[in-house]
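**Q** These are the residues of each chain, in order.
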Amino acid sequence: MRVSARTRVAAPMQSVWEIVSDPTCVLQFMSGVTRWEVASDPPTGLGARYRMLFRIGSAEVGGLIEIVEWDAPCELAWTSVTGLDQRGRFRLRGAPGGQTSVEMRLAYGVAGSGLSGWIAERIAAPTVGGHLRRSLHQLGRLVEHQQQRERAAARKAAQTGS
Amino acid sequence: MATAEVSGPARQNGHVKDPAVNGGDVPAGRASLLTRVLREVSDQAKRRIPRADLDERDPDFIRERLPLLWLLASIWFRGEVRGLGNIPESGPVLLVGNHSGGNMTPDTHVFTLAFSTYFGAERAFYQLAHNLVLSMPALAQLRKFGTVAASPRNASRALEAGAALLVYPGGDYEVHRPTWKRNRVDFGGRMGFIRLALEQNVPIVPVVSIGGQETALFISRGERLARLLALDRMFRLKVLPISLALPWGLNVGDMLGHIPLPAKITIEALPAIDLHAEFGPDPDIDEVYDHLVRLMQDTLDALAAERRLPLLG
Numbered sequence: 728m729r730v731s732a733r734t735r736v737a738a739p740m741q742s743v744w745e746i747v748s749d750p751t752c753v754l755q756f757m758s759g760v761t762r763w764e765v766a767s768d769p770p771t772g773l774g775a776r777y778r779m780l781f782r783i784g785s786a787e788v789g790g791l792i793e794i795v796e797w798d799a800p801c802e803l804a805w806t807s808v809t810g811l812d813q814r815g816r817f818r819l820r821g822a823p824g825g826q827t828s829v830e831m832r833l834a835y836g837v838a839g840s841g842l843s844g845w846i847a848e849r850i851a852a853p854t855v856g857g858h859l860r861r862s863l864h865q866l867g868r869l870v871e872h873q874q875q876r877e878r879a880a881a882r883k884a885a886q887t888g889s
Numbered sequence: 009m010a011t012a013e014v015s016g017p018a019r020q021n022g023h024v025k026d027p028a029v030n031g032g033d034v035p036a037g038r039a040s041l042l043t044r045v046l047r048e049v050s051d052q053a054k055r056r057i058p059r060a061d062l063d064e065r066d067p068d069f070i071r072e073r074l075p076l077l078w079l080l081a082s083i084w085f086r087g088e089v090r091g092l093g094n095i096p097e098s099g100p101v102l103l104v105g106n107h108s109g110g111n112m113t114p115d116t117h118v119f120t121l122a123f124s125t126y127f128g129a130e131r132a133f134y135q136l137a138h139n140l141v142l143s144m145p146a147l148a149q150l151r152k153f154g155t156v157a158a159s160p161r162n163a164s165r166a167l168e169a170g171a172a173l174l175v176y177p178g179g180d181y182e183v184h185r186p187t188w189k190r191n192r193v194d195f196g197g198r199m200g201f202i203r204l205a206l207e208q209n210v211p212i213v214p215v216v217s218i219g220g221q222e223t224a225l226f227i228s229r230g231e232r233l234a235r236l237l238a239l240d241r242m243f244r245l246k247v248l249p250i251s252l253a254l255p256w257g258l259n260v261g262d263m264l265g266h267i268p269l270p271a272k273i274t275i276e277a278l279p280a281i282d283l284h285a286e287f288g289p290d291p292d293i294d295e296v297y298d299h300l301v302r303l304m305q306d307t308l309d310a311l312a313a314e315r316r317l318p319l320l321g
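Respectively, the protein sequence lines represent chains A and B. Per my numbering, numbering through the first sequence is continuous, rising by one, with the last residue being 889. Per my numbering, numbering through the second sequence is continuous, rising by one, with the last residue being 321.
The set of hints was computed from the structure by calculation and includes no laboratory data. Careful, some of the hints might be misleading.
[Said to hold, decoys possible] Simulated coverage check for chain B against chain A, where a stretch passes if three residues somewhere in it have a Cβ under 8 Å from a Cβ of chain A:
no.	stretch
1	65-76
2	82-95
3	114-126
Small disclaimer: the values here were computed from a predicted structure and weren't measured. Positions of the beta carbon are idealized from the N, C-alpha and C atoms, including for glycine.
Work the whole structure out from these sequences, hints included.
**A** Right under this line is the structure:
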């Protein structure tokens with residue numbers, strides 16, 4: 728089952744990339760994620776691994792995931808190594824007015840689970856979709872607040888300098 | 009948890025004193041025939057109990073069944089499991105739970121799902137179950153989930169293998185307690201699990217659940233009935249429960265299971281207890297037992313205080 732959500736963030740791509748690619752920021756914006764721990768050295772980049780959990784219904788599902796695409800500042804994709812089968816992706820593209828279009832995709836399932844898996848995936852889809860939309864909304868707020876803070880700091884520095 | 013051995017009745021003045029047979033006082037001829045029949049039935053039942061083979065646990069099978077468990081736990085029981093972070097990330101651990109819900113044991117389903125998704129189906133996780141449960145052909149799949157017959161030997165083997173082991177000391181005695189005693193932890197004085205934890209030097213994680221005893225109206229354990237029918241000697245069954253449950257109405261024995269009512273199941277895993285660190289190098293079993301039961305009862309009381317309505321939670 729594949730679920731996706733899109734948003735537009737009033738910030739340049741690089742600023743959005745710095746947040747989505749930083750494992751210490753994930754818990755700040757990803758809705759439903761209860762755990763996102765670095766399980767590799769180096770902690771970021773192609774091949775980096777994280778132990779993650781995502782609350783859906785009565786269970787926290789997830790497992791070990793690995794970054795399989797790392798094309799800064801445009802594409803970041805991961806796939807599961809253990810646990811629930813999943814593929815996730817952040818797709819960042821420039822938009823008019825210095826904004827960034829962000830798409831988040833998550834494909835999930837359990838191979839071999841048959842009819843019960845098919846039903847469970849569809850029943851979980853609205854919850855997963857809601858988490859993705861909230862995640863992007865929170866990502867937008869996080870990036871835009873950071874932009875505001877940086878602009879305020881720059882203004883303050885300019886006033887102090889003059 | 010201990011396997012009961014069938015022992016021969018004591019003979020006095022040509023009569024056989026056997027509490028399982030006719031109140032314990034019957035002519036020797038009839039008694040010996042009855043005893044032979046009971047032994048034969050008991051032996052047949054024992055032969056049907058599969059030998060514990062830890063290798064029967066199948067992580068791929070568990071993984072493929074997780075969506076089914078998830079549907080059951082999330083939609084039917086609206087399961088909520090807290091405190092899984094209190095369970096050590098690796099190594100052997102004894103998970104000690106209070107047991108509810110009759111033979112359908114909804115709390116076990118909800119906890120198995122939560123454990124298997126949180127730690128991954130790869131982490132070895134076994135559950136002890138009554139011999140009779142494992143001897144039922146329809147429940148053979150339970151062995152693939154890591155369910156093994158309840159015996160001290162099987163428990164030790166699982167812990168020696170570095171696995172997490174879930175035990176319900178109250179067993180059949182607790183799981184069939186009347187519904188009006190649903191919020192009481194009742195292990196019936198069974199302390200074997202503490203000796204096991206001490207022998208294996210593993211931490212205990214108390215696992216407290218609520219809601220299971222609302223999945224049917226449990227009326228009586230039927231202990232007298234079980235004794236009268238010699239079930240305790242034949243099958244290690246101390247109870248012959250009587251309940252009102254779907255789809256049977258009056259349900260005696262719960263041997264065929266029942267359709268559990270959709271009660272909300274809430275489970276909380278408490279911080280791990282290192283018995284030697286907390287109770288000294290030679291802990292007093294009774295003291296540990298009292299502490300654990302009190303701790304679990306306090307948690308169960310708190311969970312009960314959160315519930316506004318039966319079934320709905």
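**Q** Each of the hints needs a verdict: does it hold here or not?
**A** Hints, one by one, checked against the model:
no. : hint    : in the structure
1   : 65-76   : holds (count 7)
2   : 82-95   : holds (count 8)
3   : 114-126 : holds (count 5)
The structure shown violates none of the earlier numbered hints.
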